[in-house]
Amino acid sequence: MQLLPQIAFAILTVIATYLFAKKASEIRRNILLGRDEKISDNAPQRWRNLLLLALGQKKMFKNPLVALMHLIVYGGFIIINIEVLEIVLDGLFGTHRLFAPILGNGYLWLINSFELLAVLVIIVCISFLIRRNIIKLKRFASNDLNGWPRSDANYILFTEIILMLLFLKMNAIDTLLQSRDFGHYAQNITGNFLFSQYYHPILQHFSSESLMVFERICWWMHIAGIYAFLNYLPYSKHLHIILAFPNAYYARLEPQGKMKNMPEIQNEVLYAMQPELAPTETTGENAKKFGAKDIYDLSWKNLLDAYSCTECGRCTTACPANITGKKLSPRLIMMKTRDRAEEVGKSLNKNFTTINKERTLLHDYITAEELRACTTCNACVEACPVSISPVDIIMQLRRYLIMEESNAPQEWNSMFSSIENNFAPWKLSADTRDNWIKDL
Amino acid sequence: MKINTMAEMMANNETPDILFWVGCAGSFDARAQKITKAFATILNKLSIKYAILGKEEACTGDPARRSGNEFLFQMMAYNNIQILNGYGIKKIVTTCPHCYNTLKNEYPELGGNYEVVHHATFLEQLIEEGKIVLKEDHPFSEKNISYHDSCYLGRSNNIYDAPRKVLEALKTELIEMKRCRSNGLCCGAGGAQMFKEDEKGNKRINIERTEEALETGAKVIAAACPFCNTMLLDGIKNKEKENEVAVLDIAELIEQSMI
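As they're listed, the protein sequences go chains A and B. In terms of our numbering, the first sequence opens at residue 1 and continues consecutively. In terms of our numbering, the second sequence opens at residue 441 and continues consecutively.
Derived by calculation from the structure, the hints in this document are not laboratory data. The reader is advised that the hints may include incorrect statements.
[Stated by the list, open to error] Once the Cα atoms are required to be at most 30 Å apart in a straight line, the calculated DSS-like pairs of lysine-lysine come out as:
id: 1; chain 1: A; residue 1: LYS62; chain 2: A; residue 2: LYS23
id: 2; chain 1: B; residue 1: LYS485; chain 2: B; residue 2: LYS618
id: 3; chain 1: A; residue 1: LYS260; chain 2: A; residue 2: LYS350
id: 4; chain 1: A; residue 1: LYS138; chain 2: B; residue 2: LYS495
id: 5; chain 1: B; residue 1: LYS679; chain 2: A; residue 2: LYS258
id: 6; chain 1: B; residue 1: LYS583; chain 2: A; residue 2: LYS427
id: 7; chain 1: B; residue 1: LYS640; chain 2: A; residue 2: LYS136
id: 8; chain 1: A; residue 1: LYS138; chain 2: B; residue 2: LYS575
id: 9; chain 1: A; residue 1: LYS58; chain 2: B; residue 2: LYS640
id: 10; chain 1: B; residue 1: LYS679; chain 2: A; residue 2: LYS327
id: 11; chain 1: A; residue 1: LYS336; chain 2: B; residue 2: LYS575
Let the hints inform the model, and build the full structure from the sequences given.
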């Protein structure tokens, strides 16, 4: 009978890990549906970006108070994982506070700092809930988040608060039972912890037996909650906790203004101008389409961007088109790209061979009107805390619109013909290009 | 005032120190031509040996590329690079951030490698070296100035300080707009928007930016891009403030204040 909880815990751990690994590999597969793109240059700079942008959350510090609050939740998440390690090991070996004898006095210090973090996390999560639901910050009240995305954010904040309360309550009962010299709790006398001791007055009237049951319930709910959280992550915007790191590493290092070259078109122009350079044998590459119509045409980095998006909306708040009421929202560009990748992923789960081509990212998810509103000002790229480029996706879809669908507003078509005929975007004769000299 | 073309220089067996890339706006747009003339005047006053391409210059392809027409961009790039390489151009200075970005960042991988300088950086250097000296009582000495960051100079290429240093030389008060430097708001012209109507919305982008510029109370809105200049000037006219507030390029401010 003694072994029963241990076995139950082991089974729970295996199931939680398996489900997470399965979903993670699906996401990896979905990201790799994207076009191949080699990103391997300048490793030292990439590691620096990973440390500064992902670990150091550099971009968040444009607003220091929010950055600090975010850092607390994040620190809480990372550091309390050390506590989770102890919980997992206790669960598997049937021990209680395994680390206490090993760490000696340091253990009290360690748990006290976890408790401090837990309390700070609760305060911050409550503030975040207030910002989202009572103050209704514009970027959180936005229609972009209608439905699931808005609930997603709130669920996570609530879950964090509950997990932290369970952690504190568990510690409170433990130390109370220690003082009563009850059962195995008395094996490791740690003394009261910084914050959980304030639970004691409420808990005093309960019998030691029922407290023990409470403590076990808190323990199980805490760890089950963490496993649930782990498996919730891949379906949520909170995946950024993990993907912010690779996304910072693979972030583009070139000046933001530089657009990606299309060597296939560069060569086509070259061969048209200098036919002697054209290869004599034609390869089968003519079937390749120009620009992107669907997620398969985007680079895997664009799809990693989509899965890394935390839907914070800093991009959309900075977007001049969005500010002035246009349909374009860079955040929605990323959310729709992820939605489309998930849709394709689901059909792949059902049937490994068929690729869902009934719908496409362009038109079914993102409209030409949204794409045409972009000024390529890169404010969204600058604003993004996790190194996402919505502009890169927008430009590839625009290329498809123009080069594959000849879908351009009339004014752009006349701009094109002016450039072709007069070498300037206006209908003015090339012969008058240097007329300004005459007035000098 | 004599302005040489590359063809004329070649014919005289001369090589200029720099090529002044005028750009389409600077060549054809009536407002932007004034910026071109101001900058050319500065170059002439300082006896800098420069040339333009004249009729041989063509659109860099920026608006074509950003609207999605990569073919047209590649055509323009190919022809421009042929001409630039043909003349053996080493250094280019331009008054247009869009031309600057394309020449500097996008031509190298197509075979066009030049030292490309935007006129903000160029003027900053001339001031620093003491070659440009400003009058004590220049026309703007009593006027405060607010500088509008061009996206293609700022966020695209990280040039924020050079234009500000140029303006500091005027020794007048510089007032920043709420959204400035890397948070600067676009004028609305980039990404080939200059050549079409805004998409449906509740405001034009240039009006949003103009309102912010007017909030500073500055009497001069300074820009370093011919497209920003046009957009902001349209905004000022829309607000009927063109008699109180001037929209000027940094080159114009310097040219009018030079000894």
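Of all the hints numbered above, which does this structure not satisfy? Sort the numbers upward. 1, 2, 3, 4, 5, 6, 8, 9, 11
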